[in-house]
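*Asks:* Each chain is listed here by its residues.
There are 2 protein chains.
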Amino acid sequence: MLPDNAEDFRTIWLCTDDESVVQVIDQRLLPHDYCIHELRSWQDGVVAIADMCVRGAPLIGATAAWSLYLASLQTSDPEAEIHTAAIALQQTRPTAINLRWAIKRVLTAISAASSGEDLAALTRLEAENICNEDVEISRGIGEQGLRLIEEIAVEKNNAPVNILTHCNAGSLAAVNWGTATAPIYFAHQKGIDVHVWVDETRPRNQGSQLTAWELAANQVPHTLIVDNAGGHLMQHEMVDLVITGTDRTTRCGDVANKIGTYLKALAAVDNNIPFYVALPSTTIDWGRRDGIVEIPIEERDPAEVTDIFGIRDGKKFCVRTAAIDTPVSNYAFDVTPARLITGLITERGICDASEGGLLSLFPEMRNE
Amino acid sequence: MLPDNAEDFRTIWLCTDDESVVQVIDQRLLPHDYCIHELRSWQDGVVAIADMCVRGAPLIGATAAWSLYLASLQTSDPEAEIHTAAIALQQTRPTAINLRWAIKRVLTAISAASSGEDLAALTRLEAENICNEDVEISRGIGEQGLRLIEEIAVEKNNAPVNILTHCNAGSLAAVNWGTATAPIYFAHQKGIDVHVWVDETRPRNQGSQLTAWELAANQVPHTLIVDNAGGHLMQHEMVDLVITGTDRTTRCGDVANKIGTYLKALAAVDNNIPFYVALPSTTIDWGRRDGIVEIPIEERDPAEVTDIFGIRDGKKFCVRTAAIDTPVSNYAFDVTPARLITGLITERGICDASEGGLLSLFPEMRNE
Numbered sequence: 005m006l007p008d009n010a011e012d013f014r015t016i017w018l019c020t021d022d023e024s025v026v027q028v029i030d031q032r033l034l035p036h037d038y039c040i041h042e043l044r045s046w047q048d049g050v051v052a053i054a055d056m057c058v059r060g061a062p063l064i065g066a067t068a069a070w071s072l073y074l075a076s077l078q079t080s081d082p083e084a085e086i087h088t089a090a091i092a093l094q095q096t097r098p099t100a101i102n103l104r105w106a107i108k109r110v111l112t113a114i115s116a117a118s119s120g121e122d123l124a125a126l127t128r129l130e131a132e133n134i135c136n137e138d139v140e141i142s143r144g145i146g147e148q149g150l151r152l153i154e155e156i157a158v159e160k161n162n163a164p165v166n167i168l169t170h171c172n173a174g175s176l177a178a179v180n181w182g183t184a185t186a187p188i189y190f191a192h193q194k195g196i197d198v199h200v201w202v203d204e205t206r207p208r209n210q211g212s213q214l215t216a217w218e219l220a221a222n223q224v225p226h227t228l229i230v231d232n233a234g235g236h237l238m239q240h241e242m243v244d245l246v247i248t249g250t251d252r253t254t255r256c257g258d259v260a261n262k263i264g265t266y267l268k269a270l271a272a273v274d275n276n277i278p279f280y281v282a283l284p285s286t287t288i289d290w291g292r293r294d295g296i297v298e299i300p301i302e303e304r305d306p307a308e309v310t311d312i313f314g315i316r317d318g319k320k321f322c323v324r325t326a327a328i329d330t331p332v333s334n335y336a337f338d339v340t341p342a343r344l345i346t347g348l349i350t351e352r353g354i355c356d357a358s359e360g361g362l363l364s365l366f367p368e369m370r371n372e
Numbered sequence: 005m006l007p008d009n010a011e012d013f014r015t016i017w018l019c020t021d022d023e024s025v026v027q028v029i030d031q032r033l034l035p036h037d038y039c040i041h042e043l044r045s046w047q048d049g050v051v052a053i054a055d056m057c058v059r060g061a062p063l064i065g066a067t068a069a070w071s072l073y074l075a076s077l078q079t080s081d082p083e084a085e086i087h088t089a090a091i092a093l094q095q096t097r098p099t100a101i102n103l104r105w106a107i108k109r110v111l112t113a114i115s116a117a118s119s120g121e122d123l124a125a126l127t128r129l130e131a132e133n134i135c136n137e138d139v140e141i142s143r144g145i146g147e148q149g150l151r152l153i154e155e156i157a158v159e160k161n162n163a164p165v166n167i168l169t170h171c172n173a174g175s176l177a178a179v180n181w182g183t184a185t186a187p188i189y190f191a192h193q194k195g196i197d198v199h200v201w202v203d204e205t206r207p208r209n210q211g212s213q214l215t216a217w218e219l220a221a222n223q224v225p226h227t228l229i230v231d232n233a234g235g236h237l238m239q240h241e242m243v244d245l246v247i248t249g250t251d252r253t254t255r256c257g258d259v260a261n262k263i264g265t266y267l268k269a270l271a272a273v274d275n276n277i278p279f280y281v282a283l284p285s286t287t288i289d290w291g292r293r294d295g296i297v298e299i300p301i302e303e304r305d306p307a308e309v310t311d312i313f314g315i316r317d318g319k320k321f322c323v324r325t326a327a328i329d330t331p332v333s334n335y336a337f338d339v340t341p342a343r344l345i346t347g348l349i350t351e352r353g354i355c356d357a358s359e360g361g362l363l364s365l366f367p368e369m370r371n372e
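So the sequences go chain by chain: A and B. In terms of my numbering, the first sequence has 215 at position 211, counting the first letter as 1, and numbering is strictly consecutive. In terms of my numbering, the second sequence has 314 at position 310, counting the first letter as 1, and numbering is strictly consecutive.
In isolation and in its complexed conformation, chain A is listed as follows:
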């Protein structure tokens, strides 16, 4: 969310002038350019997700839902087109569960529709609901997580609360407020002195390019660090709290998140620093238990590691850092075992990272 319109800020919306166009912020160009990117077909949605024009588990889900709406407009047989689009969307990115959740939700709504119902109106409503609910989920996480920050502020006699975050689980990763950032924004708005250590987040630099950008836009004090630095800061009592997002959390509380999250959790445990994961319930995979064994980990283009996007003399491009023939591997996520996680901040409350903890907040999932 941005300061002038915190409540109304959205990362995805239906174009007001043309209801066959969905608009998003092109996150590939930040922080150097703030550009609106238009999705005019479900295929545009597929490319936007795969190419990380949009990213972040909740926003990927929302984009998938809006892409299905675009599919519903495109043909004389909208239902068939929606199913074709669903399959293609499903294959864009394997790790974030919200993608599957959102697609399933739209398809379920469609399959429940009576014949002759306006599928475009139905998918649009579902996409709008998913977005509006996501904002409320972020708000819930913000309110719950705020309590943690308030407690630390009291313990520290209102000295700045230093929060480390990895990747971007911010407004830009969701529809508004974000997940990991929601407690931070709420604390900042309440006048609590917070300072955020922003992990650069190689290889895509979501920290230096997205999190730092949105924290600056919201005037939240922050400092960019390389991913390697967090352990040192924790050893020297420069971190009070770690909050990250998640792309998929198992029933037992194992968290798949941006590669490197696991290393920060290890350092937090080693230094007795609370490590929390901001977890919208839409990101829980109730059907899996062991994250390390069961969650598919995306491997992405090696060029993401070797070719780094930036700006020079007002021009934006990539430079290649490594030699041209250097072999590269590029895993996009890792899994932080539940045992390393102090707690999960959900929209319904904070719980242990365990099946019991999650079921205490979501008892309706006991038999799922």
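In case anyone wonders, no lab produced these hints; they're calculated from the structure. Errors might be hidden in some of the hints.
Same chains, same label: a pair holds when it works inside one copy or across any pair of copies.
[Unchecked claim] As a list, the in silico SDA-like pairs of lysine to any residue whose alpha-carbon atoms are at most 25 Å apart:
#: 1; residue 1: K319; residue 2: P331
#: 2; residue 1: K160; residue 2: V332
#: 3; residue 1: K320; residue 2: L33
#: 4; residue 1: K160; residue 2: R128
#: 5; residue 1: K108; residue 2: R14
#: 6; residue 1: K160; residue 2: S333
#: 7; residue 1: K194; residue 2: R128
#: 8; residue 1: K108; residue 2: H87
#: 9; residue 1: K319; residue 2: I354
#: 10; residue 1: K160; residue 2: E308
#: 11; residue 1: K194; residue 2: P331
#: 12; residue 1: K160; residue 2: P331
#: 13; residue 1: K108; residue 2: E359
Note that the coordinates shown come from a computational prediction; the quantities given were computed from them, not determined experimentally.
Please build the complex by placing chain B on the supplied structure of chain A, with the hints as guidance.
*Replies:* Same frame as chain A, now just chain B:
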């Protein structure tokens, strides 16, 4: 060391045509250009160390020694000039202990000289000795560490031994063979199937730009990864052994090394993977015990984090990744506590990371 001249390769040498010039490889331009950089004064040596034209604890020490030789040539009062140079060199980089060790060694040799002795000849001899001894130290580390790799190769029935390393503790960081790489080169030369996971090593990218370059030059199989990836690889049994270098190791075995080393050690312990540090005895700080409290950690220019060096269309330059006004912190090293380290590979043997372990190999230091 490079394949055609493994034994003779050097990272620093006296120019054969002009004995008032010391030559080094300009490591700021690798892997895109292999250029020789000339040091014509001790001030050139100061700049080369501070600006990381040369880097790596052993090579910093060697460069300091050669810089003192250059100081001895420059004036009618060489002794005063050497002392002036020593003070300036000392201040270039605070963490690597070899810098202090090499300077002290040269100054001690000078102070022991009888009046009228040729100080240039004396400092030159000392610099040459430091370099030659460093090669032998690397060779010793290589032979000792080779045993570890051989054991793993046997356990794995000669399947590839996967070794993860952080930063560049390679040939380029020393005079030849390197420290962490010496066992790898020795194993490779012996026909053992080794594969190296090369951490990119933000912010200066010594992994992607130096380690990958020298492993390729020596035809050692390797794969570049981001610093965030090591934990994931370890969770999935894709790493058999971690070997890093060190910039300073305390009497009790705490290791200051490139920022992020600590995170890899935590992951190794969590996954029961041996974590070794290749430790030339010149890098031991016998006067310190608690690394986290006592070792000064260098903070470097924030631009190292935000401005990334690379190549595009044959031109080499930096691009800025973050927004222009993003606050940055840039700690260059962290300390890995001895408790996380499986063992120290020294030129005299492998020992526990503890005072007892180190004294068992270096009993002459008991009362230091």
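*Asks:* Does each hint fit the structure? Answer for all of them.
*Replies:* Against the structure, the hints come out as follows:
For the homomeric pair K319 and P331, the shortest alpha-carbon distance between copies (22 Å) is at most 25 Å, but the shortest distance inside one copy (28 Å) is not. In the homo-oligomer, the alpha carbons of K160 and V332 lie at most 25 Å apart only across protomers (24 Å), although the nearest pairing inside one protomer, at 44 Å, exceeds that limit. Proximity of K320 to L33 under the C-alpha cut-off of 25 Å is found in both arrangements, the shortest distances being 8 Å within a copy and 22 Å between copies. For the homomeric pair K160 and R128, neither the shortest alpha-carbon distance inside one copy (47 Å) nor that between copies (56 Å) is at most 25 Å.
With identical chains, the CA atoms of K108 and R14 are at most 25 Å apart within one copy only, with a shortest distance of 23 Å there and 62 Å across copies. With identical chains, the CA atoms of K160 and S333 are at most 25 Å apart between copies only, with a shortest distance of 23 Å across copies and 42 Å within one. Taking the shortest Cα distances, K194 and R128 never come within 25 Å of each other, neither inside one copy (35 Å) nor across copies (65 Å). In this assembly of identical chains, the alpha carbons of K108 and H87 lie at most 25 Å apart only when taken from the same copy (10 Å versus 74 Å across copies).
Taking the closest pair of Cα atoms, K319 and I354 never come within 25 Å of each other, the shortest separation being 45 Å inside a single copy and 52 Å across copies. Taking the closest pair of Cα atoms, K160 and E308 never come within 25 Å of each other, the shortest separation being 40 Å inside a single copy and 32 Å across copies. In the homo-oligomer, the alpha carbons of K194 and P331 lie at most 25 Å apart only across protomers (23 Å), although the nearest pairing inside one protomer, at 49 Å, exceeds that limit. With identical chains, the CA atoms of K160 and P331 are at most 25 Å apart between copies only, with a shortest distance of 23 Å across copies and 47 Å within one.
Within a single copy, K108 and E359 get their C-alpha atoms as close as 23 Å, which meets the 25 Å cut-off; across copies the closest is 60 Å, which misses it.
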